[in-house]
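Now for the letters of each chain:
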Amino acid sequence: MAAVTYTATAGERSLLPAIPAGLRAAAPVTLLLVLGFLAPLLTVAAYAFATPKSFDVFRSFTLANFSAVFDPSNTVWMSFAWSLAYAAATVALLAVIAYPIAYGLNRMFGKWSGLVGVLFVFPLFVSENVRLYGWVLFFIKNGVLDGGLKWLGFSGGPEVLYTPGAILFGMLYVYLPFMLFPMSLGIAMIPRDLVDAARDLGASRLMIWREIELPLAMPGILIGMLLTFVLGAGAIAESKILGGQSVITIAQDIEVAFTYAQNWPLGSALALLLVAIVSGLALYVLSKLDLDRILGKR
Amino acid sequence: METRSQIRARAFVKVWTAFVILAIYLPIICGALAGLSKGRYFGFPIRVFSTEWWGKTFASLEIQSLVQNSLLIAFIVTLVSVVFAFFGALAFARYDWRGRKLFQKAILLPVFFPQPVLGLALLLWFNALGINPSWQTAVVAHLVWIVPVVTLVIAIQVYSFDPTLEEAARDLGASRWFILREVTLPILWPGIWSGALFAFLLSWGNFPLSLYTAGVDSTIPKWLYSKMVAGYSPMVPALGTMSTLSAAAVLLVGGLAIALVRRRQADA
Chain A
1 MAAVTYTATA GERSLLPAIP AGLRAAAPVT LLLVLGFLAP LLTVAAYAFA TPKSFDVFRS
61 FTLANFSAVF DPSNTVWMSF AWSLAYAAAT VALLAVIAYP IAYGLNRMFG KWSGLVGVLF
121 VFPLFVSENV RLYGWVLFFI KNGVLDGGLK WLGFSGGPEV LYTPGAILFG MLYVYLPFML
181 FPMSLGIAMI PRDLVDAARD LGASRLMIWR EIELPLAMPG ILIGMLLTFV LGAGAIAESK
241 ILGGQSVITI AQDIEVAFTY AQNWPLGSAL ALLLVAIVSG LALYVLSKLD LDRILGKR
Chain B
1001 METRSQIRAR AFVKVWTAFV ILAIYLPIIC GALAGLSKGR YFGFPIRVFS TEWWGKTFAS
1061 LEIQSLVQNS LLIAFIVTLV SVVFAFFGAL AFARYDWRGR KLFQKAILLP VFFPQPVLGL
1121 ALLLWFNALG INPSWQTAVV AHLVWIVPVV TLVIAIQVYS FDPTLEEAAR DLGASRWFIL
1181 REVTLPILWP GIWSGALFAF LLSWGNFPLS LYTAGVDSTI PKWLYSKMVA GYSPMVPALG
1241 TMSTLSAAAV LLVGGLAIAL VRRRQADA
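Just so you know, the protein sequences line up as chains A and B, in that order. Letter by letter, the first sequence follows residues 1 to 298 in our numbering. Letter by letter, the second sequence follows residues 1001 to 1268 in our numbering.
By construction, these hints were calculated from the structure, which means they are not laboratory data.
Each computed PhoX-like pair below joins lysine-lysine, with the alpha-carbon atoms no more than 25 Å apart:
| no. | chain 1 | residue 1 | chain 2 | residue 2 |
| --- | --- | --- | --- | --- |
| 1 | A | Lys150 | B | Lys1038 |
| 2 | A | Lys141 | B | Lys1227 |
| 3 | B | Lys1038 | A | Lys141 |
| 4 | B | Lys1105 | A | Lys288 |
| 5 | B | Lys1101 | A | Lys288 |
| 6 | B | Lys1014 | A | Lys111 |
Okay, chain A solo, but in the shape it has when bound:
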């Protein structure tokens, strides 16, 4: 659906001659993003080139922080590799986990789909540390799983807590809604009669899915994948709460540099590299999508 041109009345034209209504309406949000998003990122960029372990922002210029990151004796690249691998695994697994649910929300649950949707939205409003801590209580020794199995006469639950697998599990758990809802919007974009027509013409179920449903739902699926990848690459709570620091993610390295180590320039260099990867990907995918179609489709 295209937006309709807004024509200013004569009175408005004389008051605000050059500024179109859209720009005026966009001004508050734009101001917020410039001051609250762009400026902090520029500060990070400036710090990334400052003398290591100093606060000489804007007064020094050095590439020492980046060479420290790329120094092979430094293991910080491991954190990058872990974070990106976790993010990729989260995206792949969540795509499989969420697709049937997104499909059901659009095609099968009927009048229940509103309620099912709310059940999936609600966890977003509970902070992730509370939800992840619930899993600690579930998996911990003498916790719900272990204690429950013992009570039933088994020898106790497996020790999964504080392992790399537990971190992946936590990420799947926390980022599920971010995959599910864009995916569901994408599936809603598939015109039903197209599927019916293909079926009437004798297309198999698999063929309909591959040739019609998947390509038409792709914009939504891509947004979901992008969102989960980005959030997964910056994940920190999962490894701290469920992983017991068995793996150090890149966000945690950044946090340590900013807090305990008091090495803001190094932290900024790491953050800048992460932001470059993440926003490069985000801008590339977003440039391929028409948001009017995805959000405006009725």
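Fit chain B to the given chain A structure using the hints.
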């Protein structure tokens, strides 16, 4: 008529969805159980249930100040973000202007951004400006992330809005203020209320931004985290459960109110 494979697919989707929903709420239930057990340390099956830790949590002055901080931040964030996002959504979906496509994409960037990194970047920026982090800076941090989300929520409502209604009112000689109050706002109310609900609940539950930008002030999620890492007491799951239940209550009441607004709009 359904074929056997369609019936099987339907059954699979339903069972899978039910399983995932169960998994989503399982840890929340575990937390609720831990908060209601009498012992200092959690063990399952729970030997003695008691509301002792709930009572202690209610009585704690420290927790009262946390709740006040969280509420204050959430209310201010809701108010400001709804106003910003209302105009933002008009620019996003209603007006046709030259920078619109760019604006649409720019607004998504803070959402498509790891929140811990955003929090740390804001911390650096506040420091560069010479501002001491406190609950006020946490409000700003929440806004950077929540305003774009609320803009999207309201924009979805704006897409279903027929601009000719505004034009008709203008042709009939209505003033801009009158059109906003009598035409635009009533049509967009359901979207605005949904946006407000999102803003409040997202701020209430936010952890990563508050962690880095609230300075010495603490919010409920931030305090819970500090206790999870060091010094567990059953007050942690108890307060976590209370916070979750309050969010659920807000969602329920807000959701019903929005459903009511929509129904009244459909009747009118």
